[in-house]
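*Asks:* Could you use the hints to bring the two separately framed chains together as a complex?
The residues making up each chain are set out below.
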Amino acid sequence: MIRHLLVAASVWCVVTGVAAAQAHPDLSGFWELTYQDSQHVPRAQLSPRVTRPVIEAQAKKDFKAVRWCNVLGMPAIMASPRPLDIRQTDRLVVIAAEINATTRYIYLSRTEHIGKDIFDPTTNGDSIGRWDGETLVVDTIGFDPDKGMTAIPGGGFRTASSHLVERYRLLNNGSTLSVTFTWTDPAVYRTPHLYEFRYTRLPRDYEARLPLNCDPFDEGRTAFLTARP
Amino acid sequence: MTRVLTSICFIAFAAAVAAQSTTAVHRSYDTAFLGPVLPDPVLQHAKETFVLFGCAYCHGLDLVSRGEATDLMHSALVGRDENGSRIGPLLRMGIPQTAKLSPMPQFSDLSDHQINDLVRWIHYARQQGRYRELTTGPVKTGDAAAGKSYFDRACSSCHKVDGDLSGIDRKYDAAALRAAMLEPKQERHHTIVENIGADDVANVVSYLRRGRASASNRPTVTTVSTSFANVAKTGDPNGDGLARWAPFTSLAPQVFEPGKGSDTHRLEGGWVRLDTTGSGSFGGLTSSFARAVLTPAGAARVKPQRDPDDVDPDNKPHKAGEPYIVTQGRCGVGGPGVIEPNSAAFFIVPSRDEVLLVREGPGGRHIYTDGRDHPPLSRIVPSGAGHSTATWEGDDLLVDTIGLAEGAVTAGGWRTPETHVAERYHVAEDGMHLRITFTWTDPKIYARPHSYSFDFERVPADGYAFENWCDSGDPLQRQSVVPPEQLK
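In order, the protein sequences belong to chains X and B.
With my numbering as the guide, the letters of the first sequence map in order to residues 1 to 229.
With my numbering as the guide, the letters of the second sequence map in order to residues 230 to 717.
Accuracy of the hints is not assured; some may be wrong.
[Unchecked claim] Listed next, with one range per pair, are the computed distances between beta-carbon atoms: (1) His40(X) to Pro334(B): 36 to 44 angstroms; (2) Val137(X) to Glu658(B): 49 to 57 angstroms; (3) Gln357(B) to Asp132(X): 37 to 45 angstroms; (4) Gly366(B) to Val137(X): 26 to 34 angstroms; (5) Asp132(X) to Gln708(B): 32 to 40 angstroms; (6) Asp120(X) to Ser709(B): 44 to 52 angstroms; (7) Ser378(B) to His40(X): 18 to 26 angstroms; (8) Ser109(X) to Arg608(B): 45 to 53 angstroms; (9) Arg190(X) to Leu705(B): 46 to 54 angstroms; (10) Ala408(B) to Pro192(X): 28 to 36 angstroms; (11) Phe695(B) to Ala57(X): 43 to 51 angstroms; (12) Leu194(X) to Asn697(B): 26 to 34 angstroms; (13) Leu627(B) to Asn213(X): 41 to 49 angstroms; (14) Leu705(B) to Glu112(X): 29 to 37 angstroms.
Since the hints were derived computationally from the structure, they do not count as laboratory data.
Heads up, the beta-carbon is just placed ideally off N, CA and C, and yes, glycines get one too.
With the rest of the complex left out, here is chain B (with noise of 0.2 angstroms):
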């Protein structure tokens, strides 16, 4: 039966081609003249017509004007002409003889019919035509306020900067916003493709561009405190109060694809880990852990890691309540740095593509649920939160990481950024109890995958996030009573 049809729509296709071709043989005029035909047949009809009047052997096919006739892609009157109110009478009372230009014969036997063919074929070549000349070359820098006198008065009664063409100038660089807004194809530009100057287009551009130029103007933003520096320096909240910011590459706009909210899921909210296994301690926890096992290549690659805001101890005892300094007091981007919770609650807010883990600081760790794959490596920053995708499965989060900057990891493993590490995140019937068991696995590092857990207990429902303060000024951060290890 397929084969059937498929034979029927292919007869049906050949003979709609011989036909195409039978119409373009049998033509009874200069077919390379004419060019190609067109796929509108109206449209097809009206060219033909302007030749057989004669219209383009003076004006041109294309407008191109020959001699002393009127050129009408440039003509200020066919710019003003609304379906044939201009063109029409003329036609039909011809121009004489001036001094500059060749007379125009009437043509009083025209028919409106056919004046509506010429007309139709006058305006759209001089669209064509004249967005290929507008949007020839490179765009040039036009007067911004110029451009929004333009604009208010053209465009204004259907666009909006901050409406419909808001972000423009991150979708389109210049030279496309001037095809965008020039492109015959949109019916209703065309008053202004067959009137606007050259000029008036570069000045619109740069209008509507204005938030580029004046973006690319300013410093980028390498850091955030040179984001926020202007107003440190000033010291005046009234003046450059807000932040510089740089320019997102040129992304889109997307436009949104509605759907339904979050679902509440039993995974959502805060959790504590308090280690009551571990009798309270962490190092008491995870040496009950099974110890990894290495590879010879992996054992090869441990070494032991000193935090690197440690400072160096000054070796000697000292008096009871005189502090030790014991790190630079380095305050930055903080964040889930690291994969494993330590002790402060962290919460979970799963989304429709994401799952996003938030502490009680700055940053959060990004899970990915959207199906998307890792990136390749060589595009990922190794970091103390890697790159995650994960899978529901059930109730259970399924995450997998790559990326992670090397070092060390609980009970004796070792990682580099290939190492993967799979978390099942697990919640208790009673949904207060959190399981999340880590699996590590690398061939170059593990003989086998290293697994352990820890446990959360859900933070209560009128709980409420704190703030984890942290000020690099404050010697006090510096400082700790308790011995650096090589003192105890």
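The shape of chain X in the complex, shown without the other chains (with noise of 0.2 angstroms):
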């Protein structure tokens, strides 16, 4: 008797710890990043290769990827001036934004990144995360540093050596978003940079809006983006 008692009980502790292990947080929902709460980005320690010309030479790939309407990618995706759709399942998160940036796909079916020989690097890198606890960690690299936008808020920008970790909490009962953004890069920092957005969740009610337009040859547009600031 004891022992089927004792056999129960583990049974139970088992079904139990897999279903607590389970239970994350979901993230899905609609996220508008706040501004009063994201605009603290303190300055990048940059590292003394990145000077004045390297910076400006980034600076204009970046122009000609707003000037011709190229899929921004990371980090500009996660400032999207549009709600961020994010979707989480077992095995997968996705943040599709209403910009021209590709969608995000964070896998959390693997624990290792795809291998360099075969990974194409993207405008968004290849994301990988797992749950530490309440707190959804991802790891991304494999980042393309020369297309799309690869400013990064407060300084420095995304190249074939950037290493992504993003941390992702739940506040405030559930209706804001914390994401944490840590760069490390040994072409571009001293130290990691670190950063956090903060995002409010819209109502379950929101309506998706078509994207924003981006259209290369609509010469007004044009000619905002090429007059002298």
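*Replies:* Here it is as structure tokens:
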């Protein structure tokens, strides 16, 4: 009898343990960046190699991406002026924006990055995620150094050697999403560059809007972009 | 039985009303002067005590003082009083006559209980009066820095602007924020309401709404280009490196309703259309579909369509290898701009309220599964994806879509924003094959429902999304070595 009870208790512990392990916070929803909570980005400690000419050269690439409506990629997508649609399953977290930035795929189903020998760098890189308690920790490498908008808030830019770690946490009873970004890149930063963005959960009846249009042949737009600051 | 209970309840209610009326009628003093009976009997008693001891005669029932009596509404001493700590001794000692004020008699025989009653009414009336006083009229523009100073001193022990007050400027406009801050029902704020000045109120409101104020000074973002233009224009990612975004409409932050995360669903995952039945040719497959049967009115709407991005051909054959310029090469926001997936893989991401369909480019198709209805057509901007809602039937997802931009439909069909298209997403028993069946209905267009299906293969579990790259600035993107249709 006692043996049966112990077995039953063990099974119960395993079952509840598994259930608890699977009961991660659900990040799914529409999230809008809140300006006042996200503007305090510290100035990055740039490597001495990141000289003014280097910055200007990179800015020219970014200008081209904006001018020609290229997909923007990370980290611009996370600063989208429109809400982000974040959807989560047990194996995947997807972040879709209403701007011309490629949808982000964060794979929870694998623990290692796609090998460099087969992965073609992209503007979003290769992201894998894991749960650390209530926090989703996302690790990203494999960025394309030339495509899209490479500028990183606070200074610096993404390169092929950039490594980004994001931590997603729900705050305020799930109405706020905190994402901390930590960029490390020996080619750009002297010390890890860390900042936080906060997003507000939009009402559940929010209706996604048509994406912001980007027309590279719009003359007015072109004139605006090419005018002197 | 129900009728008996209802009768008993009615009788009890009537008796209660009668008792209330009797109490009011038998008061021995001027009830018109006292005003309506307060719901709180303790407070009502305090109010009556304030009148009975003659306080209201000089100081006014609502603390609007008469003659030379101290203005209890604005007295600093009353503001500093805590549960009679200052008012009590003063009542017992009285105030001698001064050059400016009449004397106040000693009330040395007041019991502690009576003093408590008087003090209770004085604070209540002061809070009510000052709330009205401070919340009347437009909100002045205050000094946010001074507001921060006040906030740090008086509010920060309980509140944090980046904590519980995060997003409060989105929840309230200035007047509502001011009213919420001073609302006397919030017991914790009583001391503030009784002591804060009008300038401090304006300053704190300005401080709490500083994000809104600065946002309103920024240009409104109308296109993504202006969003990132400052970075591009300044060339300095250190400086104005952050995007400028317009504040969203004043939506209150939503409280998350805890629920279980997503279920692992058979639909979830990547799918790719191989069209083996069409021998790898999309045209080959669709030519096997039953042609749409249109109404005369529907047939009259059908017109040839041309890709708006196509350019006029130069109408002469080129040498082998010499490219034709066939499109403008326009890149913009792509995404599932059409409801029928093409050869690119797409991914189905089911969640609690929505099924999101995404591809290897920007955007996504949002299919709402939270029970909402379509909005009126007048509120839908017609597009290639329209507005989609869905329900689950077992493992099948049943999608209904309206609001599609007018245009052609596979196999001779036509659509307008009013047209409904129903989609059934069904995964085969082996879990590796997906069939989407489209059924178009519109009494103005179709004589009978127009239906066909596409089949998809599951992307391997270790597969991952690529990135669909597009660069309008790349001249090669405009070219094709395949001659335009009219030159073939």
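*Asks:* Asp120(X) and Ser709(B), beta-carbon distance inside 44 to 52 angstroms?
*Replies:* Taking Cβ atoms as reference, Asp120(X) and Ser709(B) lie about 23 angstroms apart, which means the hint is violated.
*Asks:* Look at the Cβ atoms of Leu705(B) and Glu112(X) and judge whether their distance stays inside 29 to 37 angstroms.
*Replies:* 35 angstroms, holds
*Asks:* Could you check the hint for me, namely that Gln357(B) and Asp132(X) are 37 to 45 angstroms apart, CB to CB?
*Replies:* 51 angstroms, violated
*Asks:* Confirm or reject the claim that Leu627(B) and Asn213(X) have a C-beta distance inside 41 to 49 angstroms.
*Replies:* Since the Cβ atoms of Leu627(B) and Asn213(X) sit about 31 angstroms apart, the hinted range of 41 to 49 angstroms is violated.
*Asks:* Gly366(B) and Val137(X), beta-carbon distance inside 26 to 34 angstroms?
*Replies:* Given about 51 angstroms between the Cβ atoms, the range is violated.
*Asks:* Given the hint of 45 to 53 angstroms, is the C-beta distance from Ser109(X) to Arg608(B) inside that range or not?
*Replies:* At 39 angstroms between Cβs, range violated.
*Asks:* Using the C-beta atoms of Asp132(X) and Gln708(B), is the stated range 32 to 40 angstroms upheld?
*Replies:* 49 angstroms, violated
*Asks:* Range first: 49 to 57 angstroms. Now tell me if the beta carbons of Val137(X) and Glu658(B) are that far apart.
*Replies:* About 37 angstroms separates the Cβ atoms of Val137(X) and Glu658(B), which means 49 to 57 angstroms is violated.
*Asks:* For His40(X) and Pro334(B), compare the CB-CB distance with the range 36 to 44 angstroms and indicate the outcome.
*Replies:* 59 angstroms, violated
*Asks:* Return holds or violated for the Cβ distance of Ser378(B) and His40(X) against the range 18 to 26 angstroms.
*Replies:* 19 angstroms, holds
*Asks:* Is 26 to 34 angstroms a correct range for the gap between the Cβ atoms of Leu194(X) and Asn697(B)?
*Replies:* The hinted range 26 to 34 angstroms holds for Leu194(X) and Asn697(B), with Cβ atoms some 31 angstroms apart.
*Asks:* Does 46 to 54 angstroms hold as the CB distance between Arg190(X) and Leu705(B), or does it fail?
*Replies:* 39 angstroms, violated
The structure shown violates the earlier hints numbered 1, 2, 3, 4, 5, 6, 8, 9, 10, 11 and 13.
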